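Enquirer: The primary structure of each chain is shown beneath.
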Amino acid sequence: MRFTFTEAQEAFRAEVREFLRSEIEAGTFSTQCGDLIQPGSREFSQKLAERGWIGMTWPREYGGQGRPYVEKAILMEELFRVQAPIGYHFLADRQVGPALIHFGSEWQKEHFLPRIVRADEGVAFCLLFSEPNAGSDLAGVTATAVRDGDDYIVNGQKVWTSAAHAADYGWLLAKTDLDSSANRYESASEFIVDMKTPGITVRPIVNMAGQSHFNEVFFENARIPAKSLVGEENAGFKQIMAQMDYERAGLERLMQNYPLFEQLKQHLRDTDPSETPEAFRAWARDQVAQLEIEYGIGRLLCYHTAWTIDQGKAPTAQAAMCKAFCTQYEQRVNDMASQILGPVCQIRRGVAWSPLRGDLAESLLWGPSYTLQGGSVEVLKNIVALRGLGLPRK
Amino acid sequence: MRFTFTEAQEAFRAEVREFLRSEIEAGTFSTQCGDLIQPGSREFSQKLAERGWIGMTWPREYGGQGRPYVEKAILMEELFRVQAPIGYHFLADRQVGPALIHFGSEWQKEHFLPRIVRADEGVAFCLLFSEPNAGSDLAGVTATAVRDGDDYIVNGQKVWTSAAHAADYGWLLAKTDLDSSANRYESASEFIVDMKTPGITVRPIVNMAGQSHFNEVFFENARIPAKSLVGEENAGFKQIMAQMDYERAGLERLMQNYPLFEQLKQHLRDTDPSETPEAFRAWARDQVAQLEIEYGIGRLLCYHTAWTIDQGKAPTAQAAMCKAFCTQYEQRVNDMASQILGPVCQIRRGVAWSPLRGDLAESLLWGPSYTLQGGSVEVLKNIVALRGLGLPRK
Amino acid sequence: MDFGMDEQTAIVRDTARKFFREQCPSSRMREILATEEGYSPEMWRQMAELGWLGLVNDESYGGSGGTLFDLFTLVEEMGRALLPSPFFCSSVLSGPLIEEAGDQDLKKALLPQMIRGEKILTVALLGGEGRPDFDDPTLRAHPVDGGRYELTGTRLLVPFAHVAGGILVCAKIEGAASDGPTLFLVDPNTDGLECVPLDTLTKERTFALRFNRARVDGDRIVGGLGQGGAHMGHIWPKATVLKCAEMLGGMERVVEMTVAHVKERHQFGRPLGALQAVHHACFEMATCLETTRLVTTQAAWLLSQGLPAAKDLAMAKAWCNDAYKKCAAIGHQLHGAIGFTEEHDMHLYSQHAKASEMTFGTSWHHRSRVADELGI
Amino acid sequence: MDFGMDEQTAIVRDTARKFFREQCPSSRMREILATEEGYSPEMWRQMAELGWLGLVNDESYGGSGGTLFDLFTLVEEMGRALLPSPFFCSSVLSGPLIEEAGDQDLKKALLPQMIRGEKILTVALLGGEGRPDFDDPTLRAHPVDGGRYELTGTRLLVPFAHVAGGILVCAKIEGAASDGPTLFLVDPNTDGLECVPLDTLTKERTFALRFNRARVDGDRIVGGLGQGGAHMGHIWPKATVLKCAEMLGGMERVVEMTVAHVKERHQFGRPLGALQAVHHACFEMATCLETTRLVTTQAAWLLSQGLPAAKDLAMAKAWCNDAYKKCAAIGHQLHGAIGFTEEHDMHLYSQHAKASEMTFGTSWHHRSRVADELGI
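Residue numbers (our numbering), protein chains in the order written: chain W, 1 to 394; chain Y, 1001 to 1394; chain X, 2001 to 2376; chain G, 3001 to 3376.
Worth flagging that the hints you see were computed from the coordinates, not collected in a lab. No false leads were mixed into what you were given.
As a list, the in silico DSS-like pairs of lysine-lysine whose alpha-carbon atoms are at most 30 Å apart:
hint, chain 1, residue 1, chain 2, residue 2
1, W, K265, G, K3326
2, Y, K1394, W, K394
3, W, K313, W, K109
This structure is a prediction, so every number in the text was calculated from the model and none was measured.
Extracted from the complex, chain W is given alone in its bound form (with noise of 0.2 Å):
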């Protein structure tokens, strides 16, 4: 047992450290509140990729490092805490690598690992996930992928597509199996599709941050080779499921607010104790404690997951947990900020009155996505109560 770190991984760390000081520095980006799914920049993804910092845990076989999870947890939590800007490769390096390991192809898997692994042009990948009509409900999907010939045919519309629009490949599930009495479990395939492929339409949804994070994407007869599908034909929601596990407890679900946190704790220690009645700044200090306490906990809770992963074990119930509980905290961080500075928590980024560089109001705006994304909370709850704790479905 050991709840510090060893020699070597506090080297990774300041290594990390170093490297993202020095890119500070130079102005490669801002440490403001960002989004990590956004589209990103190739080019910081290569610096990373120059260092070994993509596809870190794969196998050495596809480029990988063969490193643990622990350490890359450690280089997750260095790149999140200053915002650093992974949207090109993050959802390949979270998602696609790791599924492609357990279930692709070995044409799939030289095609795509070293590309991503190296941060290659063209490798940027969208999840196509979401329909309309099945938000937690993965297993009804109604896109449809019906083969022909050496082909699948694809038909359908996905939503909430982050990043959809920049693009190069998109990882979809869709309804192979269109038997109406099939197992609504065992119906659907993987696939990657090249989103170039003619008959695919990207729409941007705006959302209430006024950002078009998200697209609609629409398939009309879409035709993708064969060997775009992901393991098994009918296997892709159990394929989805075990693969979940690895990627909910991500440091991400923790960090998206961290510079607010950061800069909310600054506040108080700058805020002049003769402007502030002394009984708001004690209640203050008593909710910004909680609050460190919280994420302190959910930070035990990512190592946690990520060192059962490090000893063979499927962290199922564990990463729901995890999950479930650091997007609750960071919905709470937002909340208790709004409440600390006062009406001008509203003032967006542009001007001098808004507060906390403007990440306070970025960070009201998309609060109410961070408990949503990637399984909702009460989808979340019900994999610990149904697999933690083995409780009766029925």
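Fit chains Y, X and G to the given chain W structure using the hints.
Expert: Then chains Y, X and G, alone, in the frame of chain W:
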């Protein structure tokens, strides 16, 4: 619209308050946090009866006063404020009388109501609803009452029966349609049972507060006359559900802890500021203010429900919401009091060091039951969702 | 105790609800929000004709002589529709403030114009730190020749300053005998006054005002010298409860929308609203709404009757802040990603909840008032 | 980072769990609680034989030389079993306190006896207001002839004083050169010392001590004059984390019991545990348990390694307080009325949760420490 009491209502409140003041001065009872459903004192109940304060809302033909529920709420608020010992007539006044007025036979009304209103000897009631395997699920009762000539023969077991050992009569729910295919909501009936009937055994259950507030009641071929049936055979479940709406929102759901909360506020007023860190004081102030807000809102919910009944409307969802809200508030009171008072909160009555007259420790011992009695919070939430908001059941 | 709505109030409510349903459905509200003005002059005229702009002003100025409770009901409907308009700053704050503090000449000159919808007024309440700044204001008035003053300082989050015909603001007169702040009516086009538009959570038009020796005539003082704080103090509780009304209306709509959504939306093969977790979440919303309705109505009624209401008002705003926010959070959770899109109204309400929470006192502030009232 | 349990710790845990399962099932625990002594002398002897009473004491005094982390694991199992015993006051508090503060003679005289189970020791921490009272204690020591002292004052909630062979207590010596409090070892049978039994939420034997010029010999001073507060301060963090261990054990049992209950109990025609509301309540419990395990283990490990742990410890106790209480509340809610009966164990745990929350700092206290560490 009017959010203050009328002069007549204020005068009535003053009359009740004056009566209670003189009783307390005379040493009739202590104002310590008590247990409203414990046997109580018939002499005290008689004093209320003399003033027309039992069966206040009942029709005059049965000895009632035909007064509005809002006035009854005023009476009850004053009684609970000083924790008056009303256990002798409380259940009969709250539950038995109204049910008889709605569903009872003429004989039952004439036989019971005037005696309850007078607080005669021999009309203490207990409720025989819950069973070992049917807590919240009243439609699942298994005790049986089988017609045999002019009698019913009762068999089975009841639990969580308050004050059964001191009760003259029991209000029983038992299955009368034993056909296993019968609709579970249409197979039980309500009865009034003389607790001295041969075949009835009462056994006390000691609770976590170390008191035998609850009992188990066993029926072994207890023979009761057919005229004991209340309302229609097999309509017991529906009758109880209809009736409960009128009982749920009593101020006892808000005020079981009332003297505790008053003492807590007084404790803060009395605390020497120089002896408590200002930050702690600020925190305690903030917490107690929140409780005060919740108390005030709970009170509005209670009076609003009473007023709704006076308008001739069934307060189904309102009453369920009221009880759920109030009982949750009550649990927070003792928790917060303990956090403010610190370790001494554990010390029970009888020594100089027990804080707030020892009411705090008693409340901590009783606390878990608040949200269970008379419909668990979960059941109440379902009622609001299904019957108040019209959400689908399936 | 009588929780029933009076007939007169019911008429106000029904008229207003019908008006906003027809004139300001969500699509129209979004159009208005996207205009340069940020309100609909056409609708503003209609509201003037309905007598709403001077609902509580005296009839001698063209007002409707309505009660505070009538206004509460009207504003509740505006909240429900999320009406983009200067109603709050002009008719809720400025009109009553001028009627209370102004001299006869000023009232005669200004109120009829305001009430007929010809002149919009606004109030600049918050200082450069974003806190209410009228008791001992950071805004300074330096007396200069000719009985004039030069104002210097900052005001934040001033609504509709770009279309206002006058801005009410408290400033401290340097070297004045009286210590208290004085209320000025400032012309937005005064030299030395800069209006900086602010981009905020809601898209309501709001501005930062930079006063840099902005010149005001002495006859633009409203009420007595040093009386500004007292006048503001009189208006404040009423404005607070009317903000609660707006929030209550918003909550109503959030609950309606969300309950309708979970009844309709199917997932995992059955309506979302059949899940017990959804039942319980909807219970929370319904409880928030019902309790907020009771506690805010109580405060409004007491104030409307001129009865003491300090504690009840503090209870109302504290509770309202938390309850609206909670409803909005549950509403988002139950709507899923769809509620997070621009096209959906859900997020407009959740941002309204946050912005309103910040206005006229956060929950901590009001709990602190409750504690004061308890003497703890 | 390595969250795996060391082999040695696993042995402690397995041995202890087996021992308490066999020797202290719930029925036995209740019997012990009902005895006059409030603990089982027989079991106490067995625990001594297992080397537990001096688990972290030095081997030279007969101790086992174990680590703080071993003790953490053992105490966790005691919490799980709700073992009624003077282990906490004697082996967790007094033993280490004497080993830290006492001189060689005292240690040689006392520790082996304590470790062999022949002498129980206790510590009187709380003053007459029920607050920790050792920095500037209200208990006064008046020097009298013969190098003796007379103690006057009150101590509350002192566990197992009725069977203790010695009571450790801080008092302020009147007129002493040093300002700090001094640690005394008081004989419970001293004249002028009255032990009043207290009836509390848990049925653990606990007492109020009234010192009325209770006489103590000068050689019963433990450690230096004026050093009592410092010694206590050294023991305090360790005792706090061990209280967390006890709470963690209790939570484990609550979650186990409750999850088993909802799987088994049928209502409305299906297992209670199939209701979504029950799923979500169980999720909350599981999260409380898992997070508490992580955060308390972290604090214990850091302290065990002698690493800085002030913030981590404060986090652990604050979180532990709230999480255990929440688990107990959910446990009660899911057990229904049955959990409220004397026969059922549920309420023993919920009262343990409340009593432990009060011991070694409430959540507010520890959040305040976290804030200190943050410099806010």
